[in-house]
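**Student:** Construct the complete structure from the given sequences, taking the supplied hints into account.
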Amino acid sequence: MIVTRGDAAQLTASVEELADLLVDTVDGGASVGFLAPLDRAAAVTWWTGRVAAVAAGQLAVWTARDGGRIVGTVSLAFPDKPNSRHRAELVKLMVHRAARGQGLGRTLLTTAEEAAVGAGVTLLHLDTESDSPAEHLYRSSGWSRAGMIPDYAESPAGELRPTTLYYKRVGAGAAYAQDPAEAAAGSLTR
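Residue numbering for the sequence shown follows the working numbering, beginning at 24 and increasing consecutively.
Note that these hints are calculated values from the structure, not bench results. Just so you know, even glycine gets a beta-carbon here, dropped at the ideal spot from N, CA and C. Hints are supplied without guarantee of correctness; some may be wrong.
As the list claims (entries may be wrong) - Pair by pair, the computed Cβ-Cβ distance ranges are:
id, residue 1, residue 2, range
1, E137, T35, 19 to 27 Å
2, E137, A36, 22 to 30 Å
3, R168, P102, 16 to 24 Å
**Tutor:** Encoded structure:
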């Protein structure tokens, strides 16, 4: 597997493959903001809509290729507010169903975390469907649970599902003392 960060031109060239990955992810039951069955044209439109954010440096997108084919992706969204430049949101971690179970999700997650540190980010955050395979990945990768929101989003099947919020201190932020509530709960920040 080869994981690379793409620029706006590379994202534009990969929109069709990324759309296929998004359709596979949603149709496979992952909650990433869409309902199943996901129309491929809608997936192409969604990825095309990300190109400007990549060009502006507000979004970083990595793709994982196996045999030349995109089998996974992850993104970091950077806020544009002056008081938020120390953080980024991890979004759209997706692995094709045929490539799951090989550690690719963890590889993509680690890639995004390391890139965040390189960009001076000290705090990452995300939301994920509660009790999903993705939630288990984040927990086992040292992310701290911040809380759960009931009935947050519809699953691809249309059922209202809770989401769990997570954060991870990285780089210089990882050295901060643990929050007392975290310590009492026994969670780790690194």
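**Student:** With reference to the structure, classify each hint as holding or not holding.
**Tutor:** Evaluated hints:
Taken as a hint, the range 19 to 27 Å holds for the pair E137 and T35, whose Cβ atoms sit roughly 25 Å apart. A beta carbon spacing of about 25 Å between E137 and A36 agrees with the range 22 to 30 Å that was offered as a hint. Remark: the range hint 16 to 24 Å for R168 to P102 is upheld by a beta-carbon distance near 22 Å.
Violated hints are absent here; each numbered hint is respected by the structure.
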